[in-house]
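In order, the protein sequences belong to chains A and B.
Under full-length UniProt numbering, think of the first position of the first sequence as 1, with each following residue one higher.
Under full-length UniProt numbering, think of the first position of the second sequence as 1, with each following residue one higher.
Warning: the hint list may mix true and false statements.
As the list claims (entries may be wrong) - So the derived label-pair ranges between C-beta atoms look like this:
| hint | chain 1 | residue 1 | chain 2 | residue 2 | range |
| --- | --- | --- | --- | --- | --- |
| 1 | A | E74 | B | D217 | 25 to 33 Å |
| 2 | B | E117 | A | E220 | 32 to 40 Å |
| 3 | A | K277 | B | D177 | 52 to 60 Å |
Just so you know, the hints here were simulated from the structure itself, not pulled from any lab data.
Where is the CB? At the ideal position from N, CA and C, for every residue including glycine.
2 protein chains.
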Amino acid sequence: METTRKPNYVEELLEIFRSPLSAEELRDQISDYHESDIADAFEQLSVEERKKLYPLLGAEWVAEIFSYIEDPDEYLQELNLDQAAKVLSFMDSDDAVDVLDELDDSTQEKLVGMLDEESSHDIKMIQSYEDDEVGSLMTTNFVVIHDTLTIRQAMRELIRQAGENDNISTVYVIDKDNRFYGAIDLKDLIIAREGTLLDDIVSTSYPYVTDHEKIDDCIEQIKDYAEDSIPVLTGEKELIGVITSQDLVEVVDDAMGEDYAKLAGLTAEEDLEETTKESMKKRLPWLMILLILGLGVSSVVGIFETVVAVIPVVMCFQSLILDMAGNVGTQSLAVTIRVLVDENLTGKQKVHLVIKEMRVGLLNGLFLGTLAFIFIGLYVWIFKQNPAPHAFVISGCVGLALMIAMVISSLVGTLIPMFFHKINVDPAVASGPLITTVNDLVAVVTYYGLVWILLIHVLHLVG
Amino acid sequence: METTRKPNYVEELLEIFRSPLSAEELRDQISDYHESDIADAFEQLSVEERKKLYPLLGAEWVAEIFSYIEDPDEYLQELNLDQAAKVLSFMDSDDAVDVLDELDDSTQEKLVGMLDEESSHDIKMIQSYEDDEVGSLMTTNFVVIHDTLTIRQAMRELIRQAGENDNISTVYVIDKDNRFYGAIDLKDLIIAREGTLLDDIVSTSYPYVTDHEKIDDCIEQIKDYAEDSIPVLTGEKELIGVITSQDLVEVVDDAMGEDYAKLAGLTAEEDLEETTKESMKKRLPWLMILLILGLGVSSVVGIFETVVAVIPVVMCFQSLILDMAGNVGTQSLAVTIRVLVDENLTGKQKVHLVIKEMRVGLLNGLFLGTLAFIFIGLYVWIFKQNPAPHAFVISGCVGLALMIAMVISSLVGTLIPMFFHKINVDPAVASGPLITTVNDLVAVVTYYGLVWILLIHVLHLVG
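Start from the sequences and build out the full structure, keeping to the hints where you can.
Given below as structure tokens:
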């Protein structure tokens, strides 16, 4: 049998959008596609084409399509205020907040004023949370029932609420005081027999997060539960929203992206659309700090000026030792940060990690130091035409300095992020420049120090 | 009202496990908790305590708990073969494959032989895919119905299948030839009125992936659909599995983690439990390459030995310029890799990115180069007691070299990953050491070259 080629849904949709179909036929055909594909096609239409489509699709459908567009605010502005308010009221409250945040204050105020009471209440509630709090991430789109219902009543209530709320895979249960009582897996509700008590299928010790918790603190835990949604409660155990797994994919993506960006010396993740000015703002802080610290290193190198003046060949290997130390430090830093983010380490585990990093640094250092000793010795002897003993003393200094620098870099690359983590400073932000500087200093002092002692003072080989 | 403290479910569960309850009461109490918490408590029990629990909970429940444990193979080995096979048959087929992969070949073979036909078929099918193919990631746990059913029949079929399959939020539909026909959102099925035709609620142009697609190639697309599950089809459009959003969280997490690790010069992500040997294996390849390339840089630096011998003070600023160039290159690299991974760039967008990176490099370079000119000039003049004109010519060289190095680093940090991406080599793996080397070379040649020309040949300030 021949392999069928994957269809291009977006192109199919563009054709449908641009064909002379009746409104009815158009709606019918489009309804077979996924909103994400419709959104992609939507973005490729002209403003005029879209303006014709909005009334045809209706506010609810447009709202659903907007939820798949990254910056729906530009499209929202193609609608008049009245239409825009209707679309907003159909959007998930957290998505609606994201859109509103992009609009100017007066439009924002006008739109919120035009929303129905429930939508505007939800939006104001979510806006009241700080960006790093769980509350800012939740949606009010979920199904909730009272604990006094029978299975049949619960099912009927689910059907009623499912029209408006599409996160139905977990049904939340509250008690008579409107406090969170537990959760029902929709599957259990669907397969429950008529006579079953609702209580039998409710998990009463269901996991939850509280609205003011920091997102960073509970994200790993939420991920572990692997649920489509996790309830968000107030301090008084009132159920006010849920965090969906889709929100989670975004947050995990963002969090890793941020760490990644920070490790690379950017203050935040960048994307393609950013202006030069924005990019500069994200990169300059790091570079400034590095420049200032670099000046400090330079003045330390200055101490060894006399050594280099006497044996210029040693300066050839400075960049080698510094690059290696820097790389080893970054490796330890990356491992330490991931471990600190992922797990709550006990003191013993921390000591274990430090020792392990040093051991890896030492063993790698021994190996690479030996290689450096052999090959650099040969190089200085043969290509630089130095006498053999002289050459191997120099390469010995390089090898030894390399090894010491690698051990210390491992140590520094582990301890500095741990220290910043301890004092609640983001280790991915603060560690980079400091580690580079400390490693440079250690490497330079070790290397030129060794050369100075061995070659000049002990062996009197030169001078 | 007082704020209620969040309960510690794991501790509560440990108490229940260790209390003298009857089997019935124990099961009843535990059923109120989430399997993720049960799994956490489970891991804290002794082997003996767990061995008592297994028969009490039954294979299905144990299977569900195991799906929340990172390495369930150790626990599976606490069961006899017969029990283990039963537990495996209740696990999601992709999870079962992961567990089996950890066991030795003979145990693996024995266990697969003891499974029921369906489970062993599913497991063999998933095992037949390469690790980077979509098929290796899918689960066979989903609900599928024929397109000829009525709404009522479909609902009944759902209830029947929901007992065994818990990914119910999308119901998949196949035609009479068993080919994929479309998908129904469970919500739409639940709220559908009696008379509705099934066809009206089926999305026939539903997104899907094919079994042999590379995971890396379709992950962004799957993420965009924001669905709880996406169907996996063969080339002949036969529905053989689904990818769930939970699998996706893991993959996104892993993929970002890998990129992050690679940027830091590790061949793969490490965690706390890894042995020193494993860590060395992940780190040495990079360091070896860097060492060899570093030797190349060293021999180029060697060319300028005579310059340094004449004006030793210039060597103080080598580390500064190299560190800055390295950092700028890493910034460009990180941005380029993220952009390449996230989006399919057109040629025009690529040119745009390169130009933007160079512009950012130039502007940052101008700014920092000027700072370096002023401060290093003052430093060499006042602290190193050089005559002022001499000092500012040196700092001018540093500033100019810094600026040129930063522009070229931006260019190199963008072009090299693009080149590797083009020839289908993972840019995060290959770019790092190459960029460091090229940047070092450019920085060293520019800096010492400038010093050589300006100070020695043009101004005759020294020598």
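Here is what the structure says about each hint:
1. Under the hint 25 to 33 Å, the C-beta atoms of E74/A and D217/B, about 29 Å apart, fit the expected range.
2. Distance hint for E117/B and E220/A: a CB-CB separation of about 39 Å, consistent with the stated range 32 to 40 Å.
3. Range check, K277/A to D177/B: about 58 Å between beta-carbon atoms, so the 52 to 60 Å window is met.
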